[in-house]
Amino acid sequence: MEISVNDIRKSYRKHHVLNGISFTASAGECIGIAGKNGCGKSTLLSILAGVQRRDSGSFALDGHELFLSHKDLRNNVGYVPQGTPLMEELSAKDNLQLWYTKAEMEKELSEGVLKLLGIDEFLKTTVSKMSGGMKKRLSIGCAMSKKPPVLLLDEPCAALDLECKEKIISYLKDYKSRDGIVVITSHDAMELSICDRMFIMRDGVLVPYTYTGDIEDLVNNL
Amino acid sequence: MKKSVTYFRLQLKRFFQMFPTIFVLSLVLFVSLGILFVSFFNQSSGSVRNSMVKLGIVGDLDEVYMDLAVTTMKNIDSSRYSIDLILIPDEETARESLLNGDIIAYAKFPKDFVLNALEGKVENITIAMTEESSGMGASMVNEIVNSVSEYLKNSSKAANAFYYAALDRGFDMSEDIKLTGDYSINIINMVLSRDSMYDVEEIGSAGAEEVEDRLFCGIVILFLLLWGLTCCQLFVPKKRALTTVLKSNGTGVLSQIIGEYLSYLAFMIATISLLVIGAVIIVPLLHVEEVIADVNIFKMIPGMILPILAISSMHFFIYEAADGFVGSMLLQFGVAMGTGYISGCLYPPFFFPRIVQQAASVLPAWSARVHLNEWIYSGPSAETSIILISYFIAFITLSVIIRWYRITRSEGGI
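Heads up: the protein sequence lines correspond to chains A and B, in order.
Sequential numbering from 1280 applies to the first sequence in our numbering.
Sequential numbering from -5 applies to the second sequence in our numbering.
FYI, nobody ran anything at the bench for these hints, they're computed from the structure.
A few of these clues could be false.
What the hints assert, rightly or not - Under the rule of at most 25 Å between Cα atoms (straight-line distance), these lysine-lysine pairs were calculated in the BS3-like manner:
hint : chain 1 : residue 1 : chain 2 : residue 2
1    : A       : 1372      : B       : -3
2    : B       : -3        : A       : 1386
3    : A       : 1394      : B       : -3
4    : A       : 1403      : B       : -3
5    : B       : 102       : A       : 1403
6    : B       : -4        : A       : 1408
7    : A       : 1386      : B       : -4
8    : A       : 1403      : B       : 232
9    : B       : -4        : A       : 1350
10   : B       : 233       : A       : 1408
11   : A       : 1372      : B       : 233
12   : B       : -3        : A       : 1426
13   : A       : 1403      : B       : 233
14   : A       : 1425      : A       : 1455
15   : B       : 48        : A       : 1372
Could you build the full structure based on these sequences and the hints that come with them?
Given below as structure tokens:
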């Protein structure tokens, strides 16, 4: 299984945000994208998730163009934005009902992705009373409802404590081990540690970068 | 489709979780506007319309002509601002009554005012009133008392001129001084008996609607307009991340808006129904039935459907368009009060300049008020129904466009 992103372009009037983004990723691979604030990382992910329209470009899974069919796109791509895509006044269980049938939820809570994310620990807690880490785990749990082979994560560990980050990273490692493809935007050292390949987005294009664990070097290259 | 239904159900659950808070806020708004309605009703209702404006008269109560003068003045006006003249022995008591609000003004007649007047001596009556009483009624009182003063003085001058002219011509007037005085009083009585000169006939209020009917419908519509404020916490902050993820998973913007709007509408109807049921139970206990005596509640409820649709969709659109808690609240309040005010929800529309009336007549608040009025008191018209349905469709369409634009066209992360 392989995804192929080819020559994605996007501009807002005269502001060219993406000037031909291309990369490929194989099963079990994690692609990290870093870059300055406002460089277009989130725009790229929202285009790949089918939220925003691209000006041009393609996104294929095993040679099958995903942009041609919304159904194919949503069945194969899970998307977790920076914000919290949850109803704050409702419980975790209520929120999961939007994405899972009752039977699916019970199964996933006992042995599936929801169990792995530890959502069963706070199933009845209202979202507004959850920590940032719980919310993020629940968001990932919602995004995984269709068991997509591709997961797009927009800075998933931003502003989370170490324990929460560890839980999310642990889950992403597990997801990768099951041949999942992860595309992640991040500035976080822990998140970047699970990336197999990295790019820096600069002037609307992706520049390959080898992350050695030296954050200072990464910052200098942004 | 299944996800859209689930989304609607969850939104409904979300709304009803906030029910206790929003119901208390709604109750406060309901009671406040109820009090406002009763006070407006009392100002304009028939029983109070003809109530007396109390005017104090300070003068020498033992003076022969004072009582006659007061009786005369009592007969001079039978218009809406009828005057009840109250004799007060001294100015100190009158001042106290004025400041307590027992009288609207008082007129102080100088000592031996009438006798002096009969002898041709000009003395002014002093009229005292508070700043609050310097309205239309007080102005009329002022005019009337000034008129009485002028009549007294001029008629006395005429009587005295006649008396001295007769003396100059050699008539013996020593026995006729009383007759001269009576002649003077007869002039006063004749001139001041103006109520025999005209009849007051009320031919209804300006415009097609009765004052009380317009007021009732106006307050109901104002309540609906302002009710949107109580739901601010349901719409702010915006759930942009959720709507974006929903869209990426196949629940389109139209489905989202329909699900959210229908849950808001259901919530609004449930809350208002509960308040109306409460009012139906409580109003008889308060003995204020006469204020809604003409209202048939079973006729009113179907008449509220289109106004509720138009106004709730307007709330929804404003929350969709505005950003932030303060911005949303200010916009909701401004639109509710502004459009409600010029649409005749508080004061009659003819109170405003014609251009404002023309502008207001195309607003949803105006159409909603007129529609409800027609439904309750005469019969529904197609015109207001079409306008309200058009507004409903327009607001929902605009909400869809705004959300779609925000999700698909805005730059940056979500």
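Hint check: residue -3/B vs residue 1426/A, CA-CA at most 25 Å. Holds or violated? With Cα atoms ~17 Å apart, residue -3/B and residue 1426/A stay inside 25 Å; holds.
Is the hinted pair residue 1394/A and residue -3/B satisfied, with a Cα-Cα distance of at most 25 Å? holds, 23 Å
Do the alpha carbons of residue 1403/A and residue 233/B lie within 25 Å of each other, as the hint requires? holds, 21 Å
Are the Cα positions of residue -4/B and residue 1408/A separated by 25 Å at most? Between residue -4/B and residue 1408/A the Cα gap is close to 28 Å, so the pair fails against 25 Å, i.e. violated.
Given the proposed pairing of residue 233/B with residue 1408/A, does the C-alpha separation stay at or below 25 Å? holds, 17 Å
Take a quick look at whether residue 1403/A and residue 232/B sit within 25 Å of each other, Cα to Cα. holds, 23 Å
Within 25 Å, alpha carbon to alpha carbon, are residue 102/B and residue 1403/A? Given pair residue 102/B, residue 1403/A is violated - Cα atoms ~78 Å apart, limit 25 Å.
Verify the proposed pairing of residue 1386/A with residue -4/B, using a straight-line Cα cut of 25 Å. holds, 20 Å
Would you check the hint for residue 48/B and residue 1372/A, treating anything up to 25 Å between C-alpha atoms as holding? Outside the cut-off at roughly 69 Å; violated.
Just to be careful, I want the Cα atoms of residue -4/B and residue 1350/A compared with a cutoff of 25 Å; is the pair within it? Holds. Residue -4/B to residue 1350/A sits at ~15 Å (cutoff 25 Å).
Measure nothing beyond the straight line between the CA atoms of residue 1425/A and residue 1455/A; if it is 25 Å or shorter, mark the hint as holding. Roughly 16 Å separates the two Cα atoms, so the pair holds.
Given the hinted pair residue 1372/A and residue -3/B, is their alpha-carbon gap at most 25 Å? holds, 15 Å
Going through the hint list in order, the structure does not satisfy hints 5, 6, 15.
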